[in-house]
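Asks: Sequence:
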Amino acid sequence: MGRRLIMGPDQVRQIVSLEFEVFGEVQGRYFTKYCKEKCTELGIGGWVKNSKRGTIVGKLQGTKPNVEEMVSWMSKTGSPGCVIERCDLSNFEYLARQEFRGFSIRF
1 MGRRLIMGPD QVRQIVSLEF EVFGEVQGRY FTKYCKEKCT ELGIGGWVKN SKRGTIVGKL
61 QGTKPNVEEM VSWMSKTGSP GCVIERCDLS NFEYLARQEF RGFSIRF
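For the record, in the sequence shown the residue sitting at position 70 is 70 according to full-length UniProt numbering, with numbers rising by one throughout.
Simulated from the structure, these hints should not be mistaken for lab results. No experiment lies behind these values; they were computed from the predicted model shown. Warning: the hint list may mix true and false statements.
[What the hints assert, rightly or not] Think about it this way: if two alpha-carbon atoms lie no more than 30 Å apart in a straight line, the pair counts; the simulated DSBU-like pairs of lysine-lysine are: (1) Lys36 x Lys64; (2) Lys33 x Lys49; (3) Lys36 x Lys49; (4) Lys49 x Lys64; (5) Lys76 x Lys52; (6) Lys52 x Lys33; (7) Lys59 x Lys36.
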């Protein structure tokens, strides 16, 4: 998601969905809490949770620019005190409408 394209109004409003997994020292650092706050601020729906493998996993749905901003946050910034090694993305798709009404932390 490094290069940005010039987008028309229809593309800016287009809903994208993807799954993610964040690796590094991310559990026990309130990553899920800060992730939920950032997604709510950006109007992104979906969920996030701690995995049994010590990573953070979840799903994002929102406009392409907002999802790109969130992916950048998860890849570079994260919660205070975390150390992010990488953020893997999968199952990218375009949706006719957002399926999640809000963003939640799952357990």
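Asks: Decide, hint by hint, whether the structure agrees.
Replies: Hint by hint, here is what the structure shows:
1. The straight-line distance between the Cα atoms of Lys36 and Lys64 is roughly 18 Å, inside the 30 Å bound, and the hint therefore holds.
2. With a CA separation close to 10 Å, the supplied pair Lys33 and Lys49 stays within the 30 Å bound.
3. For the proposed pair Lys36 and Lys49, the alpha carbon gap of about 10 Å is at most 30 Å, so the pair holds.
4. Proposed proximity of Lys49 and Lys64 is supported: the alpha carbons are some 22 Å apart, at most 30 Å.
5. This hinted pair checks out: Lys76 and Lys52 have alpha carbons roughly 23 Å apart, not beyond 30 Å.
6. Note on Lys52 and Lys33: the hinted pairing holds, with a Cα-Cα distance of about 18 Å set against a maximum of 30 Å.
7. A distance of roughly 11 Å separates the Cα atoms of Lys59 and Lys36; the hinted pair therefore holds under the 30 Å criterion.
No hint from the list above goes unmet by this structure.
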